[in-house]
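**Student:** Each residue of the sequence shown is one higher than the one before, starting from 111 at the first, in this note's numbering.
Hints are computed from structural coordinates only; laboratory data are not their basis.
Note that the coordinates shown come from a computational prediction; the quantities given were computed from them, not determined experimentally.
Do not take every clue at face value.
List of simulated lysine to aspartate or glutamate pairs, DMTMM-like, C-alpha gap at most 25 Å [said to hold, decoys possible]:
1. 304 / 284
2. 301 / 284
3. 510 / 131
4. 287 / 183
5. 502 / 173
6. 294 / 322
7. 301 / 415
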Amino acid sequence: MSLATAFIITHESDRTRTAQDKAMSIIALTLTRALGRQGIRVVRIHPNMFEHSLTSRYCTAIEICPDMYESEEALNQFLCELGSRYPGEKILIPASDDCSMYIAQHEAVLQSHFVLLNPSATAMSRMKNKKLQYELAQAAGVPIPETYFPSTEEDIVALAESAHNYPYVIKPLEAQKWRLDEFKDVAKGQKAIKVYDKEQLLAEFRRIAPFDNQLMVQEIISGEDTNLYTFLAYCSNDKKPLAYCIRSKLRQSPIKFGYCCATISCHNDVVERQAKQMLQIADYTGIVGIEFKLDPKTQEYKLIEINTRPVNTTGISIGCGVNLPLIAYNDAAGIPQNAVTDWEDGVTWVWLYHDFWVVKEMKSLGLITYGEWLKSIRGKRVHAIFAADDLKPVWNFYYKSVAALFGNKLSRLFAS
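Build out the structure end to end from the sequences listed, making use of the hints.
**Tutor:** Next comes the structure, spelled out in structure tokens:
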């Protein structure tokens with residue numbers, strides 16, 4: 111029996127990107143390696159060649175597609191034609207929030223050409239933004255942070271007068287929106303914007319709302335980044351988790367409100383139970399990452415967000431014995447899969463480049479020593495980018511990153 115072809119689709123958030131300014135999709139790289147190492151044909155779909163993960167030796171072919179933000183109809187047509195050019199069964203896998211949302215919205219068209227390894231349109235309608243995710247959590251009896259959803263001047267004025275649990279953070283309802291090039295100045299490169307009093311809340315809302323008024327204002331749950339836990343799972347067509355594991359965050363960049371750069375596998379019965387409750391209500395299928403944070407004040411694990419696709423740290427599932435990408439692919443391809451519901455604790459995943467700079471900042475704040483850092487990533491380890499059997503993406507990313515770092519330092523030196 112011939113193996114189904116895996117089509118991994120990514121998008122371009124920065125329309126001004128050039129060959130001199132490449133990006134790296136950790137999600138796409140992880141999926142490509144996990145499947146390619148098993149002899150599975152992996153076709154990458156991306157709007158351009160300015161993506162380091164496209165250089166993986168496990169990428170069988172690259173298809174340059176229309177930009178979904180320029181024309182979803184053109185992308186639909188491209189994918190339908192693409193499906194007819196490749197023989198056999200084809201599995202379409204999203205490697206970003208944008209692509210997951212796009213696939214769900216065009217499910218009717220795409221499912222006639224591909225098996226969609228993605229939440230259904232019905233499930234996505236229950237969790238496509240954070241407001242819906244929190245409504246889902248409440249229906250499942252899962253605690254949530256103190257959260258508000260102002261969209262008008264009247265809403266924010268009323269909230270500024272009544273809210274007394276400062277500081278808060280302002281976040282977009284759809285996280286991917288602030289990653290787009292046109293929102294760089296609005297988001298200031300951050301996932302969330304912290305406000306310390308009602309004057310700052312009003313000022314930041316008024317600054318952001320003309321560009322994006324689909325916002326949330328949320329309490330900041332105290333405690334360390336290590337109180338953040340993520341349930342990583344694959345739910346099959348029977349809407350139940352077929353395989354899953356849990357990881358605890360070690361560090362993120364930036365500190366407190368950033369992307370994970372180091373994490374460790376662990377067990378947590380409360381996180382597991384709450385995540386399953388939510389997935390059951392949502393009738394979820396596909397790969398998912400559900401993040402909670404332990405509130406030290408109430409000792410409750412409160413929902414932070416649901417990612418309706420593989421997350422950056424999906425590689426930790428492979429390292430701790432739950433190969434989510436492969437299990438999901440096999441199940442979608444009709445290959446019988448046994449449930450995998452236990453895993454090895456203490457396996458670390460690290461994005462070394464970003465983790466080093468975060469540790470450097472934490473050290474300056476007296477939060478960690480270099481010895482403690484090295485101890486935290488000692489033992490069985492999975493790297494976000496480094497892989498001895500696939501060095502080209504590693505070289506491309508680190509060469510570019512180091513060159514940019516020293517280029518900036520030289521520029522400042524000559525400017526002075």
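**Student:** The structure should be examined with respect to each hint, and the outcome stated for every one.
**Tutor:** Evaluation of the provided hints:
At most 25 Å may separate the alpha-carbon atoms for a hinted pair to count; residue 304 and residue 284 meet this at roughly 17 Å. This hinted pair checks out: residue 301 and residue 284 have alpha carbons roughly 11 Å apart, not beyond 25 Å. For the hint linking residue 510 to residue 131, the alpha-carbon distance of about 8 Å falls within 25 Å, and the restraint holds. Between the alpha carbons of residue 287 and residue 183 the distance comes to roughly 20 Å, so the proposed pair stays at or under 25 Å and holds.
Between residue 502 and residue 173 the alpha-carbon distance is near 19 Å, which keeps this suggested pair within the 25 Å criterion. Pair hint residue 294 plus residue 322 holds up; C-alpha atoms about 12 Å apart against a cutoff of 25 Å. Taking the CA atoms of residue 301 and residue 415, the gap is near 12 Å; set against the 25 Å cutoff, the hint holds.
Hint check: no violations occur; every hint is consistent with the structure.
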